[in-house]
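Asker: Residue strings, one per chain:
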Amino acid sequence: MNRDDFEILKKNIIYFDNGATTLKPNVVRDSILKYYDEYTANAHRGDYKTSAIVDNLYEEAREKVCKFINAKEKSEIVFTSGTTNSMNMIIFGYFKNYLKEGDEVLITLSEHASNIVPWFMLEKEIGIKVNYIDLDDKHEVSIDNVKKAITDKTKVISIAMTTNVVGDTRPIKEISKIAHDNNILMVVDAAQAVAHNKVDVQDMDIDFMAFSGHKMYGPTGTGVLYGKFDLLDKVTPFNYGGGMNAMFTKNGYVELREIPTRLEGGTPNIEGVLGLSEAISYIEDIGIDKINKYEKELRKYLISELDKLDFIDVYNKEVDTNIVAFNIKGVFAQDTAVYLDKYNICVRAGNHCAKILDNELNISNTVRISLSFYNNKEEIDLLINVLKNSENIWKEIL
Amino acid sequence: MDRNLKRSIILDNYQNANKKYISDGEEFTKINTRNVSCIDNLDIYIDLEDNIIKDISFEGEACVISISSTNILINLLIGKSKEDALYLIDNYLKMINEEEYDKEVLKELLVFDDTSKQPSRIKCATLTANGIKKFLENN
Ligand SMILES: Cc1ncc(COP(=O)(O)O)c(C=O)c1O
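Order-wise, the sequence lines are chains P and R.
Per the working numbering, the first sequence starts with residue 1, numbered consecutively.
Per the working numbering, the second sequence starts with residue 1, numbered consecutively.
25 Å max Cα-Cα, derived DSS-like pairs, lysine-lysine: (1) P:Lys395 with R:Lys20; (2) P:Lys100 with P:Lys228; (3) P:Lys329 with R:Lys6; (4) P:Lys153 with P:Lys124; (5) R:Lys117 with P:Lys342; (6) P:Lys395 with R:Lys117; (7) P:Lys395 with R:Lys6; (8) P:Lys317 with P:Lys377; (9) P:Lys342 with R:Lys123; (10) R:Lys123 with P:Lys395; (11) P:Lys147 with P:Lys177; (12) R:Lys82 with R:Lys123; (13) P:Lys173 with P:Lys290; (14) P:Lys173 with P:Lys64; (15) P:Lys317 with P:Lys198; (16) R:Lys30 with R:Lys133; (17) P:Lys329 with P:Lys138; (18) P:Lys67 with P:Lys34; (19) P:Lys11 with R:Lys117; (20) R:Lys54 with R:Lys133; (21) P:Lys147 with P:Lys129; (22) R:Lys134 with R:Lys123; (23) R:Lys107 with R:Lys133; (24) P:Lys49 with P:Lys64; (25) R:Lys20 with P:Lys329; (26) P:Lys342 with R:Lys6; (27) R:Lys80 with R:Lys54; (28) R:Lys133 with R:Lys123; (29) R:Lys133 with R:Lys82; (30) R:Lys117 with R:Lys133; (31) R:Lys107 with P:Lys395.
Covered stretches of chain R (in silico footprint by chain P; criterion: 3 or more residues with CB under 8 Å from a CB of chain P, positions within the stretch not fixed): (32) 5-17; (33) 56-65.
Keep in mind the hints are simulated off the structure, nothing from the lab.
Using N, Cα and C, we set each Cβ at its ideal position, and we do this for glycine too.
Build out the structure end to end from the sequences listed, making use of the hints.
Answerer: Here is the structure:
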C-alpha cells in the first residue's frame with residue numbers, strides 16, 4: 001500500500017531489505033528540502049525569524065517522538081545519531097558509573113552487535129559479567145528462561161524488542177515486570193520494532209530504549225535515546241561544549257543545562273531530526289496498527305509461497321513479524337543475493353551482524369527478507385518466480 | 001576466454017575444490033580471512049618451509065567467487081618460493097584492480113579477469129590473496 005508516496009519505487013526495484021534501512025517517503029525528502037530552501041538556521045538560538053522556526057520545529061519533533069512512544073514527558077527524549085549511538089551513550093554514560101565489578105548484564109545470542117560489543121567493552125573496563133538468556137528451540141526468549149537466567153547479581157536486562165535475524169518479537173512488558181520485581185533495569189533496543197508495531201514505553205515499563213530514524217522511514221544519522229527522567233538525568237554526557245552548558249567561567253566553573261539538552265552537545269542533525277519528525281507523522285497518518293496487520297499478512301503469504309518450494313529452507317517460519325530468513329539449499333546466501341539482484345530484488349545476505357547467533361542457528365549465513373507496508377503480493381510472486389528458476393543461478397551470476 | 005569455459009572452471013573449483021579441507025599438522029600456520037564484510041569466513045592453512053610453500057589448504061563458508069578463487073590460487077602457489085608466490089599474487093591483484101599485469105603467471109586465475117565489472121565481488125575474489133600476501137610478507 002501507499003506505494004505512490006515513494007519516488008524511489010518508480011524505479012524498477014523490489015526492495016526487501018527494510019531491516020537494514022527503509023525507503024524514505026517523498027514527504028520526508030520534502031521536509032529536508034524545505035529546511036534547506038526556506039529556513040536554514042541553527043537551533044536553540046532563535047534571534048531571527050528562520051532560527052525561531054527551526055527551533056520550534058526541532059522541539060516539535062521531540063514532542064512527536066514523545067507521543068509516538070508514549071513517553072511521560074518530552075525531556076525524556078534525546079536525539080542521537082542512531083541506535084548504536086544511543087546504546088553507547090547509556091552503556092558508557094550511565095551503566096559504567098552505576099554498575100560495579102561482578103554485576104551481571106543479561107543479553108541474548110540474537111542481539112545486534114550494538115547491544116553486545118559495548119557491554120563486552122564494559123566487561124573489560126570495569127569487570128561486569130555479560131550473561132545470556134537461553135533461547136528456546138525456536139530461538140526465542142521465553143519468560144521461563146528469563147527467570148532462570150536471573151541471579152542476585154543481575155542488574156540489567158538489555159534485549160532487542162524485535163531481533164534482526166530471526167525477527168521474533170519479545171514479550172517486553174512481561175520481561176520488564178520480572179526485571180523490576182528483581183530490581184533489574186530494563187534496556188530495550190527497538191531498532192527493528194518501532195516502524196512495525198506499537199511501542200509504548202510506559203505500558204511496557206521500559207527504563208532505557210534506543211532506536212534509529214532510518215529504519216522508520218526517516219533519514220540516516222538520526223536516532224533516539226529514551227530514558228525515564230530520573231535515570232536519563234544521571235547519564236554523563238559524551239559531548240561537552242556548546243548548547244549543553246548553562247554557563248562557565250574562566251576559572252573552570254561549569255554549569256550544565258537540563259536534560260535532554262545536556263545530552264545533545266554541539267549543533268544537532270537538524271535537517272535529520274526534521275525529517276524524522278515528518279517520518280513519524282507519516283507513519284501515524286497510515287496508522288501503525290494497520291501497518292502491522294498488513295505486514296504480518298504479507299509475511300504469511302510469503303511463507304506459504306516459499307513453503308511450496310522444496311529447495312528452500314526457511315529458518316523462522318513461526319515468528320510473527322516482517323522478517324523471513326531462508327536459503328536455497330546448497331547455495332551460499334551471498335550468491336543467492338547476487339542472483340536476486342540480477343532481477344533488481346534487494347535482499348540482505350549475511351549473519352546480519354548478529355555474529356554470535358551462528359552457534360545457535362547452526363547456519364552462519366542466511367538470506368533475509370524484511371518486509372514493509374509498500375511491499376506487495378505481486379513483488380512476492382516475482383521473487384518466487386525468480387527462485388523457481390534458480391537452477392540457472394550459476395549461469396546468471398558467473 | 002569464453003564465458004562458458006570460465007564458468008565451468010569457476011564452478012569446478014567451487015563444487016569440487018580439491019584443497020578444501022583442514023590441515024592441522026603442526027607445520028601449518030592457520031590464518032583467517034574474515035574480512036570487513038560480515039560474511040565470508042575462510043581459514044587458510046599454510047606450510048611454509050625454507051622459503052618454499054610446501055602446502056596450503058582452506059576451510060570455511062564463503063561465496064562461489066571466494067571459494068573458487070581460493071582453490072585456484074592455492075593450487076598455483078603450492079611449490080613456489082615466497083618471492084614467486086608474491087609475484088603471482090601481486091599480478092593477480094593488479095588484474096582484479098584493472099592495472100597492467102603479467103598474464104603468464106596467472107593461468108586459471110584469468111577466469112576472474114572481469115571481476116572488476118562486479119564491484120561487490122572484488123572483495124570476494126581478493127580475500128585469500130590478500131590474506132596469504134600478508135602472511136608471506138611477515139614470515
Ligand atoms: C536490532 C538492531 N539493533 C541495532 C541496530 C543498529 O542500528 P544503527 O546502525 O542505526 O545504529 C540495528 C541495525 O541494523 C538492528 O537491526
